[in-house]
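Number of protein chains: 4
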Amino acid sequence: MSGDKEPEKHLLRHVTAQQLGQLKKKALEARELSYSPYSKFRVGCCILTKENKFVLGANVENASYGGAICAERCAAVKAVTGGMKEWLAIAISGDRMEDTISPCGICRQFIREFASGEFPVIMLNGDGSKTVVKPFEELLPLSFGPDSL
Amino acid sequence: MSGDKEPEKHLLRHVTAQQLGQLKKKALEARELSYSPYSKFRVGCCILTKENKFVLGANVENASYGGAICAERCAAVKAVTGGMKEWLAIAISGDRMEDTISPCGICRQFIREFASGEFPVIMLNGDGSKTVVKPFEELLPLSFGPDSL
Amino acid sequence: MSGDKEPEKHLLRHVTAQQLGQLKKKALEARELSYSPYSKFRVGCCILTKENKFVLGANVENASYGGAICAERCAAVKAVTGGMKEWLAIAISGDRMEDTISPCGICRQFIREFASGEFPVIMLNGDGSKTVVKPFEELLPLSFGPDSL
Amino acid sequence: MSGDKEPEKHLLRHVTAQQLGQLKKKALEARELSYSPYSKFRVGCCILTKENKFVLGANVENASYGGAICAERCAAVKAVTGGMKEWLAIAISGDRMEDTISPCGICRQFIREFASGEFPVIMLNGDGSKTVVKPFEELLPLSFGPDSL
Ligand SMILES: [Zn+2]
Ligand SMILES: [Zn+2]
Ligand SMILES: [Zn+2]
Ligand SMILES: [Zn+2]
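Protein chains in written order, with the numbering used here: chain A, 1 to 149; chain B, 1 to 149; chain C, 1 to 149; chain D, 1 to 149.
There may be inaccurate statements among the hints.
Ranges between beta-carbon positions, derived for each pair [claimed, not checked]:
1) A:29 <-> B:118: 31 to 37 Å
2) D:99 <-> A:98: 38 to 44 Å
3) D:99 <-> A:99: 34 to 40 Å
4) B:5 <-> A:146: 44 to 50 Å
5) D:116 <-> C:128: 35 to 41 Å
6) D:17 <-> C:82: 27 to 33 Å
7) A:147 <-> D:82: 32 to 38 Å
8) D:116 <-> C:7: 49 to 55 Å
9) C:97 <-> B:146: 15 to 21 Å
10) A:117 <-> D:137: 17 to 23 Å
11) D:17 <-> B:98: 57 to 63 Å
12) C:149 <-> A:14: 37 to 43 Å
13) A:14 <-> C:83: 49 to 55 Å
Covered stretches of chain A, as calculated for chain D (at least 3 residues, CB under 8 Å) [stated by the list, open to error]:
14) 97 to 105
15) 108 to 114
16) 137 to 148
In case anyone wonders, no lab produced these hints; they're calculated from the structure. Beta carbons: idealized from backbone N, C-alpha and C, even for Gly.
Modelling step: build the complete structure from the supplied sequences, incorporating the hints.
Right under this line is the structure:
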């Protein structure tokens with residue numbers, strides 16, 4: 001993180017400091033829910049919905065590797081099928097301490113369906129001591145979305 | 001359904017009549033949660049877990065068709081990341097009245113990770129007036145699972 | 001394999017002994033084309049098309065495990081986009097000597113789009129000394145296909 | 001396209017004008033190979049490999065929408081299992097005249113495994129009269145790749 005927190009503050013203007021704290025904490029805790037016997041790479045995720053609900057997700061892998069569903073898509077289907085399609089922010093955590101985790105392209109595509117360009121994506125390292133926040137459109141520019149069909 | 005209900009009764013011996021009624025009802029209702037603007041093909045699903053919880057799922061599609069997550073996988077990741085990896089039965093519904101719906105191979109593969117061979121799969125038509133029940137191993141024989149690696 | 005080869009012979013009636021030999025050989029060789037740094041589980045595949053072409057495939061994995069494409073789907077997209085949508089047989093190989101490999105449910109679903117119920121699936125062990133042959137419909141019974149929509 | 005072609009020229013410095021012409025032409029032609037009965041949205045793709053081979057791809061869909069494999073991933077598995085893992089450029093075409101097509105996030109993730117940050121992605125409209133060229137890293141910034149695990 002650069003010292004300049006202004007863009008990040010603007011991005012998170014719809015999220016209170018308390019909500020942000022909860023969101024990070026829950027994203028870190030969500031790793032406990034991971035089923036990842038193949039990669040042994042646990043990922044946790046939390047989506048804060050417009051209704052102020054925190055929806056947790058974790059990666060669920062499969063013996064056929066291509067069957068794996070990431071933490072972000074897990075949380076997304078839970079939110080959507082829970083009737084919550086509008087989201088304020090998403091936070092994602094992995095176990096690595098040295099780097100913050102980044103959502104894969106499959107999940108960016110899945111989220112694209114529901115997120116605005118300004119949707120804040122909060123990427124954490126293993127204990128939340130490092131944080132990177134980006135607006136969704138910076139992670140999937142020139143995206144292929146509902147309007148592309 | 002044949003008139004001979006004995007194999008089905010045996011298969012569902014861990015599920016009470018009341019639970020079965022609930023399971024079907026919830027699988028039918030779950031279609032309301034579907035996000036399927038591309039196929040306009042709503043699918044609902046309900047998993048009954050060992051803890052007697054009913055976990056609902058519905059299909060969530062994407063502008064990139066390959067990004068779609070079916071109802072069964074939706075319910076499965078909810079159950080697994082809800083700490084419930086042991087399941088008593090799954091029920092699935094579509095909108096077609098004339099036929100019962102069948103899980104796709106992707107979902108069979110995903111379920112394979114958690115289901116025993118005798119896990120009952122209950123396939124419904126649009127109002128639940130038709131039902132087919134099969135043990136999981138009949139739907140994915142000679143499966144590729146955790147032991148195959 | 002049981003000693004009774006009659007069902008298998010019937011299944012392979014559109015394939016000559018020479019073609020069958022080639023098909024197995026190529027499915028075994030195709031493992032060399034595998035990109036599988038994550039699972040280290042190489043899979044090879046060969047589809048014999050109606051035009052008498054042998055189309056090879058191998059698994060291609062991804063750092064995001066869910067992005068992996070199996071050998072069977074690799075060969076299938078090559079055949080389809082090569083203008084060859086009608087197939088006589090498919091053979092699949094893994095590295096395990098003790099068991100023959102089995103296609104995952106994702107690939108069964110993908111193949112479903114192009115295969116008839118009698119399409120022969122030839123499953124091999126690591127050196128082709130063990131072989132199991134099944135008609136496609138036995139591997140994906142009650143399938144979800146184009147007619148299900 | 002802006003009038004300033006300098007960044008694009010730099011990006012395509014390893015591709016001759018003749019190769020670029022061929023690449024676009026083949027990406028447009030590749031749409032003919034599409035199997036897309038569900039979306040009726042044909043996509044074509046061509047990868048130019050370091051060996052100066054043009055590898056074509058097209059989207060192949062499935063009755064289970066999540067089974068679809070896009071044109072880009074089709075071409076990618078063909079190149080990789082053809083022994084060609086180093087690529088000079090990729091071109092993609094759709095049928096829309098008004099906009100250039102954009103690769104979905106799933107395909108960006110798949111390509112990530114093999115592409116450098118400067119890998120040029122050429123996006124075309126329906127007849128190639130509009131072109132947008134971007135370096136891969138601009139389409140999937142902060143990517144999740146082999147080093148992330
Ligand atoms: Zn992901
Ligand atoms: Zn499915
Ligand atoms: Zn497979
Ligand atoms: Zn794509």
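Against the structure, the hints come out as follows:
1. A:29 <-> B:118: 31 to 37 Å: Holds: the Cβ-Cβ distance is about 34 Å, inside 31 to 37 Å.
2. D:99 <-> A:98: 38 to 44 Å: Once the Cβ atoms are compared, 40 Å apart, the range 38 to 44 Å for residue 98 of chain A and residue 99 of chain D holds.
3. D:99 <-> A:99: 34 to 40 Å: holds, 35 Å
4. B:5 <-> A:146: 44 to 50 Å: holds, 45 Å
5. D:116 <-> C:128: 35 to 41 Å: Roughly 38 Å apart at Cβ, these two residues keep to the hinted range, so it holds.
6. D:17 <-> C:82: 27 to 33 Å: Because 29 Å falls inside the window, the suggested range holds.
7. A:147 <-> D:82: 32 to 38 Å: Given a distance of about 35 Å, which is inside 32 to 38 Å, the answer is holds.
8. D:116 <-> C:7: 49 to 55 Å: About 51 Å separates the Cβ atoms of residue 116 of chain D and residue 7 of chain C, which means 49 to 55 Å holds.
9. C:97 <-> B:146: 15 to 21 Å: Given about 19 Å between the Cβ atoms, the range holds.
10. A:117 <-> D:137: 17 to 23 Å: Holds - the Cβ-Cβ distance for residue 117 of chain A and residue 137 of chain D, about 19 Å, lies within 17 to 23 Å.
11. D:17 <-> B:98: 57 to 63 Å: holds, 58 Å
12. C:149 <-> A:14: 37 to 43 Å: holds, 39 Å
13. A:14 <-> C:83: 49 to 55 Å: With Cβ atoms ~52 Å apart, the hint holds.
14. 97 to 105: holds (count 6)
15. 108 to 114: Holds: 4 residues of the segment 108 to 114 of chain A have a Cβ under 8 Å from chain D.
16. 137 to 148: holds (count 8)
Every hint, counting from the list given before, is met by this structure.
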